[in-house]
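**Student:** Based on these hints, arrange chains B, C and D on the given structure of chain A.
There are 4 protein chains.
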Amino acid sequence: MVKIKIFSVGGTIDKVYFDKLSQYQVGFPSVRAILGSLPIAFRYEIESLLRKDSLDMDDADRELIRRHVAEESCRRIIITHGTDTMIETGKVLSDIAEKCVVLTGAMEPANFKSSDAVFNIGVAVGAVSSLSHGVHIAMNGRIFNPWRCRKNRDLGVFEEL
Amino acid sequence: MVKIKIFSVGGTIDKVYFDKLSQYQVGFPSVRAILGSLPIAFRYEIESLLRKDSLDMDDADRELIRRHVAEESCRRIIITHGTDTMIETGKVLSDIAEKCVVLTGAMEPANFKSSDAVFNIGVAVGAVSSLSHGVHIAMNGRIFNPWRCRKNRDLGVFEEL
Amino acid sequence: MVKIKIFSVGGTIDKVYFDKLSQYQVGFPSVRAILGSLPIAFRYEIESLLRKDSLDMDDADRELIRRHVAEESCRRIIITHGTDTMIETGKVLSDIAEKCVVLTGAMEPANFKSSDAVFNIGVAVGAVSSLSHGVHIAMNGRIFNPWRCRKNRDLGVFEEL
Amino acid sequence: MVKIKIFSVGGTIDKVYFDKLSQYQVGFPSVRAILGSLPIAFRYEIESLLRKDSLDMDDADRELIRRHVAEESCRRIIITHGTDTMIETGKVLSDIAEKCVVLTGAMEPANFKSSDAVFNIGVAVGAVSSLSHGVHIAMNGRIFNPWRCRKNRDLGVFEEL
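Residue numbers (my numbering), protein chains in the order written: chain A, 1272 to 1432; chain B, 1272 to 1432; chain C, 1272 to 1432; chain D, 1272 to 1432.
Just so you know, not all the hints are guaranteed correct.
The list cannot tell twin chains apart, which means a pair is met if one copy fits it or any two copies do.
DMTMM-like mimics (lysine to aspartate or glutamate), calculated; alpha carbons at most 20 Å apart, straight line [stated by the list, open to error]:
id, residue 1, residue 2
1, 1362, 1430
2, 1362, 1329
3, 1274, 1343
4, 1274, 1430
5, 1274, 1318
6, 1362, 1342
7, 1274, 1431
8, 1362, 1343
Simulated from the structure, these hints should not be mistaken for laboratory data.
Next comes chain A alone, as it looks inside the complex (with noise of 0.2 Å):
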């Protein structure tokens, strides 16, 4: 059976409204509840590796990830990451040979009712499962070399260059 492996490192897909404090942090991985409620039929394990806003991210952590998608004995990955270096990760990751990773985020925390969370999880399980190797970044319903696309922040979607 096809078993896909996800690394949870934080973003805006996994932020949570904490009331005490007044305000929002990134909380469990939302990966986990999402496909946990739906009818699956692949194996996946789920490994939280960071809960950063992808802003806070440094060398150190893109290396943290590194190592751990290198070591990973299953052959397709997939990172939820949030979105405004997600593609300084992908590059990060780019050498590594005979994987498949796909990573993806969500302009809106899964949380919300009207979150691309669930549907950009599609996307990339899609992706995960179709293509043979390579890093490729998987946002806004579409597969991006992360050497050739950028985010557009003002549009708020991922472009190609």
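**Tutor:** Here is chains B, C and D on its own, set in the frame of chain A:
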């Protein structure tokens, strides 16, 4: 830019409840509202061919679908379809060359809070954007060859034969 | 602390879709999941008396409901009920003294994203906590006397006679 | 027909996430979208007076709210408000005679799947339609006298003193 043509033919994914009739019928293509509310970066066009429960589909219906798929200028095609006979329709389409066709649907109507519709449409989008050609079934987060899968009605999932 | 007894007897509010049967039946009391997921500061107990579409209810069913309401020790009672004959049941209960009973239901199943179920249950809770006694219908954000209202099936709303 | 005037002044109930700013601010009155999507049988008018987190409200803000409530021709009034200082505002309004005012809000933004917003607005509607006059707090499914309750920040619920 990537363009995807989407044909909707009915199924549970589009079932809605009519209080006045105290019953449950196939309504508008739910994929319209689903994609319409998301930050999407590909062009798409939705065409409703039928509004049928797939148990009510016959050879004439499948021939209609086949004709539209064969004559469609767009290479990438998604079909939202009832899950009960999605595999039959997939087989009927499987000799169409030079297109990438992905059939999907849902076990629960898109209008349900717990529906798999959004996730499945995401998987179909990810698959049709990644696969080169051929006809595929995208259900339960897996991509299947219609000649080598079946719907396990007891478990409510599609599985490989 | 305030305590509310909730009887559920069926209706559209509790209708769920069974893919294996390709049909739609009254399921578990949805008020259980609705209140169970909210930060509630009153005590409540939910008892399922029936699981019927209210068009299928007969005098024996209404007598059963009446008996439970009359024998209930808690003064404040909410009944989740099908909308088609909610008024009939309200009339049957209207001679019970010294209780405050509010009947509510929904035009769309609680499981629907667009459902009025949560709002209606909220209205019923607000009403049963504010009214002194008597039997009332809480639908469409209004509180009605069951002897002076009707369900307008064409418009899908309850209105005063 | 019953008419209800609704003033919105901000609070968590209306907080939305802005990806571009990576932050979280009070947005449009969510009660507009909530009531707008339900089958409602009462007339209502929504007026936005402020868009403030209630921790940022001062005496001038409360005086502005008080003035609008006192001058409002409609007898039944709901105010959507931040939960942190809802009680203070309730006290400031409590000498207004001949009106029925119910303040409510939410512990989670209306935009959250798990939000208590819709339920709370329902409770407020049920209460303002049932109570004769006075100023009341409707939170956590309870109706409180603002002079005899407090917000328990640790438990995240309002409780009687």
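**Student:** Each hint should be assessed against the structure and marked as holding or not.
**Tutor:** Evaluation of the provided hints:
1. 1362 x 1430: within (16 Å within a copy, 35 Å between copies)
2. 1362 x 1329: within (14 Å within a copy, 49 Å between copies)
3. 1274 x 1343: within (12 Å within a copy, 34 Å between copies)
4. 1274 x 1430: Classified as between; 14 Å across copies, 29 Å inside a copy.
5. 1274 x 1318: For residue 1274 and residue 1318, the Cα distance is within 20 Å only inside one copy (14 Å; across copies 34 Å).
6. 1362 x 1342: Cα proximity of residue 1362 and residue 1342: one copy only (17 Å, versus 40 Å across).
7. 1274 x 1431: For residue 1274 and residue 1431, the Cα distance is within 20 Å only across copies (14 Å; inside one copy 30 Å).
8. 1362 x 1343: within (18 Å within a copy, 37 Å between copies)
Figure legend: structure checked against the earlier numbered hints; every hint is met.
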